Amino acid sequence: MLVAHLDPLAASIFSLMAIASLLLAFVMLGSRWLNNYLYAFAAESWVIAILSATVGFYGGYPELYLIAILTALFRGLFLPYLLWRIVKRLNVTREIHEILQPSSALVVGAFCVIFSLTVGYRVGQSLGLSATVAVLALTVMLSMKLIGFLMLTVRHEALSQILGLLVLENGVFLGAQILVPGMPVLIEIVILFDLLIVVACFGVLIQYLLAHAGTTSSLELKRLVG
Amino acid sequence: MVGLVLLVMLAAPAVAALGCLLFRRRGAAETLNLVASVIVFCAAVVLAVTSAQGPYLFWDGYIVVDMPGAWVTLCTAIVYFLASVYSVGYMRLLEDAADKLWSFYALFAGFALTVLLSTVMNNAGLYWIAIELTTLVSTFLVGFERAAESVEAAWKYIIIVSAGISLALLGTVLFYWSGSFVLGPVYDMTWSALQHSASKMNAALVSLAFLLVLIGYGTKVGLAPMHTWLPDAHSESPAPVSAMLSGALLNGAMLGIVRYLAVADSAGVGPFARIVLVTLGVFSLLVGALFIVRQDGIKRLMAYSSVEHMGVIALGVGFGGIFGIAGALYHMLNHSLNKSLMFFGAGNVMRSFGTKEIIGIRDVWGCYPVQGSLWLAGAAAITGAPPFGLFLSELIILRGGIEGHYTWAVAAMLVLLIVIFVGFLNHFREMYLLPSASAGPRPALSNWCIAPMWFALAPLLLFGLWWPSGMWEHFSAIAHALAGGSP
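In order, the protein sequence lines correspond to chains C and D. Numbers 425 to 650, taken from my numbering, label the letters of the first sequence in order. Numbers 157 to 643, taken from my numbering, label the letters of the second sequence in order.
In case anyone wonders, no lab produced these hints; they're calculated from the structure. In this text, all values refer to a predicted model and were calculated from it rather than measured experimentally. Some hints here could point you the wrong way.
Listed next, the stretches of chain C that the computed footprint assigns to chain D, with coverage defined by at least 3 CB atoms under 8 Å from CB atoms of chain D [stated by the list, open to error]: (1) 439-451; (2) 540-552; (3) 584-594.
All C-beta atoms in this analysis are idealised placements derived from N, C-alpha and C, irrespective of residue type, glycine included.
Here chain D stands alone, though its shape is the one from the complex (with noise of 0.2 Å):
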């Protein structure tokens, strides 16, 4: 049954990449798109449910659901079942890439197959080839809009990510070869078997390797002084892009260093691996304080974002214990709800004021008192304020930081997280509140464009006022499972 499941998960987006390459037509990959990302949304949400009877293998062991992979396959499939109504409207209003947009649902559902494959991948090797694959793909949709910008943007992600990724492999290497003291020459390098042969690895080994692993992974997740690919390559996608890239792809990276952290701890070495993985996570808030409280662009503005979050969200992982790993997941499906909500909101005053800085879009409420109200409540939200899911989570990853004694992390992140709020909120002050200078009808938006924005706000509204004890129960079973409890 779950294998089931899993397939048509897994074949969705593949038939409806093949059927986009085969029809070459627009209306029939939209729908094909469309079709696919609410099958896998209802497949992920079984998926994620019933991965809590214990992990599920396939395919000799090579694929597994389990409970934090499919967590991370939720939360995909969520911001790809988004991503997918509002690209429908979105990539209409391109007027100068009509004729290609089925390559564009083609790469889509293809960006969305490699992600959701890197989650259920229970070999690190192949998690690793997983993670390339999503570079591949998602190049051609960063630098899809062919202009200068794009390409710049686009070349510098394949330039960068390839480059870090290159040091997980390394480290992959070197995990192997630890690991290789203990169970031969030659054996099949699953999460679990590293785990639980990390006891009798050589302690030095392990760090060297698991530095190498979290550089490398971080680059993908974002993770600053390694997040320089990021703030471009989300600003200069198509907005649908960008929501993917944020919510999708930097969590289904943050899994493999979720995965890795396990098995540094297993070895003994978790206390200087989370010192270092925490110290990440604070400079990536320091590096997204900095560039929101002067940024010009709206997009680069989400991404700095973004930089912030997953900050947030390696903050948690790192303090570790139930209210670290549970917070850090909670996070991690707010943050892909909420960012994609933010880049929907960018995307539809990008097109509408024809601009990409700060500094052309004005009077936002008095143009769209709709839609703007949805993207400012989203604002609000992403800075972490009640009663949205997002201000529940960090509370929660700040009392994990508290329990696990990182009193100068905690002190740092909440100042980070003010300075945040108020730079952030000041971006919004000024579009919302400063007259307009060039008064006159703006373009009406479709249906497509706004239905997502409500689609994103109203569960982050529910999770911020009510927290289901099942999903509670869910997180503690994850944590437990992360430090060795069961296989």
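Chain C extracted, bound-state conformation (with noise of 0.2 Å):
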């Protein structure tokens, strides 16, 4: 077990890179601009990519450099430009349609954090790891998990929704890297299968857009009720 026995440069480092990408997480939710979308998840990428490195190198995992490089180039640089390639065809550069002003998202996500902490400090005590990275670790996975969700349901541009998708995985990445370095076979695939999920999405998407040539909003998207 990597997370009993931390040596507290190590622990201080992957403290540091969880918080980060949780606040990154917070910068999607307080902004209302797609491109600042787009920014904060690839940095929150880049960041989930150098704690992969990191937890390889303190914990002697040699494939976690692989699933370092693998976040950095897919989630970081390739699916943010495929996004952004987007945004520019779309032409929409801010949510319209706003159920929750980001101000008022932001106290939400902060209660999101606070139930986490305690499910995650429940749960680190009884596996009497309470004094450990692990608690931040389960807090800053379910955390970001109910960011995730908060993002599907306050917004409704299409683009939005994809990216709110891939936050509630990297999520559960930034937790698995911390808490199980041993399985990152299934992470590798998970990254690809991402990819092939926005593929599809945009595959959908522009359907959608030949059926409308209209809004990207899926709050028109009321046919089907009942």
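Taking the hints as your guide, dock the two standalone chains into a single complex.
Set out below in structure tokens:
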């Protein structure tokens, strides 16, 4: 178990990375400009890539270097580039229909983090790991999940929804690197899969645009009810 | 021998999909897909029978043929076969899609392949990947008709299911973590490894992980309140795809819940996990009942009936014991047969009457005596009326609930099943007995569209009247294996 006996420097670096990516998730939550989402997502992916490399270094898992490279390349460069092209093409630069103001979304996000902290602390306590970085990893993992879901619910631009999905998985990546550095094969495949999902989403999106030639807001998706 | 059969079963749809891409012609694609589905069906029967001789492992233990998995494989193969026969007739009716039917068959075979793959995965992580693959492939099938509604359904499908399934990924990671306290930091996350080490896992962590997995795969199963994608996707995709989604895909995801529940049981959090599963099951029945009673769309009616039946299966699994498990597995088979029949019938009347609305479908009996009778028999069966298989399996699940002391759930299930019976058949009364506003000759349907309805109804009637004793032994062996009796 890597997290149980970790030297203090490594623990601090891990914590720093985890907190940094949580903060970037809040940046996404607090902005209404699609470009900001993109930059924050790319930065978050880079932070996670660096985290993978650090865990690989301290835990002695050479496979994690590969994961770091894959994460940086695909999630840090390629996916943001694809999404950026779509932003250009769709000519949508910001969220227009807001259910929740960014400021209120931030407050709700803060409550999500508190809830995750409670869950993480309880689980950590029952495992006897309450003083380690495991609690933080669990907290960040769960709160990024919740923030991702929050983004999916309060944002309606198609692009924000795709990014919300990707944030959901970023949270899992981050936690998995720290908690279970031994299961990298799954994560490698999941990284590739996200790519496929995004491509599939684009396929659907483009069909949608062909069918409607109008908006890309999911608020307009209301033909099927009941 | 088993390995060869398995290989043939997985290779057949793969070859068919590749062949469709290669030939790019409708005739070739139809034939390839049909042949593949027959091969898959035969192989699945062999696998289901031979799986009783103990689990077979392949590829360093990444692939397993065990009894619960092989049973779901069989259900999938049956639906794949029926839907392949049906799609030959049905897809020809879509005029504007005539030149890209080959891509439909390529996707269709690919979809069958991914569902089959998910049933034989021995590694929890790979199972997750297989389920994710089913989503990716079937999204394009849901949106195949390219109408605005289909694309809307496809978008909702991919977003909701991917979001849900990412919770299952988190649950999988947490299960791996809790296993790593027992098995060391690096291990193969097979179902049996998890189940055997579960007794030493931390109960709080396993509870959290199970909840995440249940919500994640529950989204894919269509348990309420995560079912919102299901009516849209089922109603807007072409009828053979609806049958595959409902009869094959949902079972494939349910298998994951069954397997994780076995792990949770061994970890000692079974009672908690079961209460949650039973509650979701009852809630699915409730949502199904409410939306069935006042439903306007014919395929949405069938879709909500799927939500209801997944709720029934969840109840059976949650009740546990020999009766609960046997009832749930039997219900899977019956539901697969019956829901295929219902979607085929719905597809037929949709094409003949040119509407998806129940209000536009009148005097079915007068227009189509044979096909109408088949569909009506199916409607009686799906609401749980005797003498069909679903009556028997629902009865066994109820008995499982009584044995497991879930009296409240049994009572709720009974009331809701009666409500659904009345509500569902009321729609059929309207469609069959009210006179048609616009008289005139209706288009005749090809035999490709009628024959699979016979194929589905015959075994349904047979299993309602006669329960083979071998099947009962098979089910009790599965229940025993899931309870941790043998690996």
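The hints, checked one at a time:
1. 439-451: As far as the segment 439-451 of chain C goes, the hint is violated, because 0 residues have Cβ atoms under 8 Å from chain D.
2. 540-552: It holds, with 5 qualifying residues against the three required.
3. 584-594: n = 5 at 8 Å, threshold three: holds.
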